[in-house]
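There are 2 protein chains.
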Amino acid sequence: MLRVGYIGLGLMGKSIARNILKAGFPVVVHNRSRTAVDELVAEGAAAANSPKEVAEQVDIVFTNLPDSPDVEKVALGENGILAGANPGLIFVDNSTIKPASARMIAEKLKEKGVLALDAPVSGGDIGAKNGTLTIMVGGEAEALEKVMPVFQAMGKTVTHVGEAGAGQVAKAANQIMVAAQMVAMGELLVFSKKAGVDPRKVVDAIKGGAAQCWTLDVKPPRLFEGNRNPGFKAYMQLKDMGIVLDTAKEYDIPISATEENTKFFRQMIEQGMGELDNSAVVGIIEKLAGVDVP
Amino acid sequence: MLRVGYIGLGLMGKSIARNILKAGFPVVVHNRSRTAVDELVAEGAAAANSPKEVAEQVDIVFTNLPDSPDVEKVALGENGILAGANPGLIFVDNSTIKPASARMIAEKLKEKGVLALDAPVSGGDIGAKNGTLTIMVGGEAEALEKVMPVFQAMGKTVTHVGEAGAGQVAKAANQIMVAAQMVAMGELLVFSKKAGVDPRKVVDAIKGGAAQCWTLDVKPPRLFEGNRNPGFKAYMQLKDMGIVLDTAKEYDIPISATEENTKFFRQMIEQGMGELDNSAVVGIIEKLAGVDVP
Chain A
50 MLRVGYIGLG LMGKSIARNI LKAGFPVVVH NRSRTAVDEL VAEGAAAANS PKEVAEQVDI
110 VFTNLPDSPD VEKVALGENG ILAGANPGLI FVDNSTIKPA SARMIAEKLK EKGVLALDAP
170 VSGGDIGAKN GTLTIMVGGE AEALEKVMPV FQAMGKTVTH VGEAGAGQVA KAANQIMVAA
230 QMVAMGELLV FSKKAGVDPR KVVDAIKGGA AQCWTLDVKP PRLFEGNRNP GFKAYMQLKD
290 MGIVLDTAKE YDIPISATEE NTKFFRQMIE QGMGELDNSA VVGIIEKLAG VDVP
Chain S
50 MLRVGYIGLG LMGKSIARNI LKAGFPVVVH NRSRTAVDEL VAEGAAAANS PKEVAEQVDI
110 VFTNLPDSPD VEKVALGENG ILAGANPGLI FVDNSTIKPA SARMIAEKLK EKGVLALDAP
170 VSGGDIGAKN GTLTIMVGGE AEALEKVMPV FQAMGKTVTH VGEAGAGQVA KAANQIMVAA
230 QMVAMGELLV FSKKAGVDPR KVVDAIKGGA AQCWTLDVKP PRLFEGNRNP GFKAYMQLKD
290 MGIVLDTAKE YDIPISATEE NTKFFRQMIE QGMGELDNSA VVGIIEKLAG VDVP
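Line by line, the protein sequences give chains A and S.
Read in order, the letters of the first sequence correspond to residues 50 to 343 in this note's numbering.
Read in order, the letters of the second sequence correspond to residues 50 to 343 in this note's numbering.
Next up, chain A with everything else stripped away, as it sits in the complex (with noise of 0.2 Å):
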């Protein structure tokens, strides 16, 4: 049985570590703070100190941290994976960095024979929690296939996407929509609202047309019960929307589109949106409006 290191249990990395623990796989994990960790080890799961400690002990090791520098520095750090990397290791990123980052991680760790998969996830807290999240896996076919029956554990769609960094790319491109189709929610709410029609009609009305999506499948009825709690935060979606823009910048690749939805993200973060879902955009479009939908 492989087993497997699980670094980082936020909101999301906490319920796929417990996926795998519960497909039966051995599990060592470690969180910067313990309460997560006492949690998962009540669970059954074993707990380390450190990156260096959790690699020692597994055959695969995945991360699941907040940016891009979080992941160098638990990779290829002091007391990183790295430090305590066995011959044939696999290391896994589920976190969503920049696609620059993940390949040159890959780099680093292939120097030293342990093979690196970029594995951004979709899908939400609720996709992690029952384990149907949409895996974006960029690095080599052979790592894949040892690490796939872990990725069954926690997804039910995993898509390899290309060499290392594509799965960051793929998970970027999945921004771009999904950051477009919450900004264009927003507007057609308060839109509708604006032009004295009931919002919940318009919902309703369109999203079985061409307008059809997850967003305002899922989104609508929490906005219309009032609730704006996350799911996935704002400021979380803003932090997406930076690798976006750099990577953009850095390949040379014009998304003015893009770049006007992102203002809307970083107008919450400054008005202090930045802990509500992303489906809280409207809340700017409501204020420049003088309206409020629900």
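Rather than coming from a laboratory, the hints here were simulated on the basis of the structure.
What you are looking at is a predicted structure, and each value in this text was computed from that prediction instead of being measured.
Please note that a few of the clues may not be correct.
Identical chains share a label here; the pair holds if one copy fits it or two copies do between them.
[Unchecked claim] Result set (DMTMM-like, lysine to aspartate or glutamate): computed pairs, CA atoms no more than 25 Å apart in a straight line:
no., residue 1, residue 2
1, Lys312, Glu160
2, Lys195, Asp247
3, Lys298, Glu308
4, Lys159, Glu299
5, Lys298, Glu335
6, Lys288, Glu309
7, Lys157, Glu335
8, Lys250, Asp301
9, Lys256, Glu189
10, Lys250, Glu308
Could you slot chain S onto chain A? The hints should help.
Only chain S this time, still in chain A's reference frame:
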């Protein structure tokens, strides 16, 4: 059996009229050019020489015309519907026009005892053909009840959104989302390509997650085959965005992301791409980026 009139036998109108005919209703048709009229007459419809002549012979009269002035003229003008209306006639407009225009027409008709429904549709030429359109209805419930058997012959979802004009507000809201998705799809395809990743794989990876939408389900396979034919023409998308922006101006609704998205469709028309599918908006981004997606 309700006698039905259908005026405006374009790409959408002809398919809708045919489905009404197939459902067993006697149908009288009128169109500026004769070809579509002859086709439907061969299938059992009757022809009339003017909107007035259509109205004289039917219980419900539909229009499906390019823009607000066309509908106003056919409904209220010389030899128009009002001129031929018997007591109890119901007017149903399947066109996408300004909510304000729909309201004005409904008011003028009501003064003469004719009830009106604005009933724009979504689902494209395929939806019209297969009788699976999404129909967004504004107007009085009494009229909707009478028209419902005919709507059931042409669509799969009928939503009573609100009073006169509310169907058009829903359609405008629909186009806010559709425009956002089309532009975002264009940007994410170009983004992926320029970042060195196969856009096909990226679409495969993301279409089942939070980015899921009808647009990503239906359009990429066509684009990847090099097929940019309509579907729904770019110049019609731009016309609809004009309705959205005019209405936003009328009600003082801030929709800056929609304004940004609209620019892309305006550029399509300026660059001679108006007859292509709305998904061909990716071509604008390809030109800016200097790459071809497929």
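Hints, one by one, checked against the model:
1. Lys312 with Glu160: Close neither inside one copy (40 Å) nor across copies (48 Å); limit 25 Å.
2. Lys195 with Asp247: between (52 Å within a copy, 23 Å between copies)
3. Lys298 with Glu308: both (11 Å within a copy, 23 Å between copies)
4. Lys159 with Glu299: within (24 Å within a copy, 60 Å between copies)
5. Lys298 with Glu335: between (31 Å within a copy, 16 Å between copies)
6. Lys288 with Glu309: Close inside one copy (15 Å) and across copies (22 Å); limit 25 Å.
7. Lys157 with Glu335: neither (47 Å within a copy, 34 Å between copies)
8. Lys250 with Asp301: Cα proximity of Lys250 and Asp301: across copies only (21 Å, versus 42 Å in one copy).
9. Lys256 with Glu189: Answer is between: at 22 Å across copies they meet the 25 Å cutoff, but 39 Å inside does not.
10. Lys250 with Glu308: between (30 Å within a copy, 24 Å between copies)
Violation of the numbered hints given earlier is confined to hints 1 and 7; the remaining hints are satisfied by the structure.
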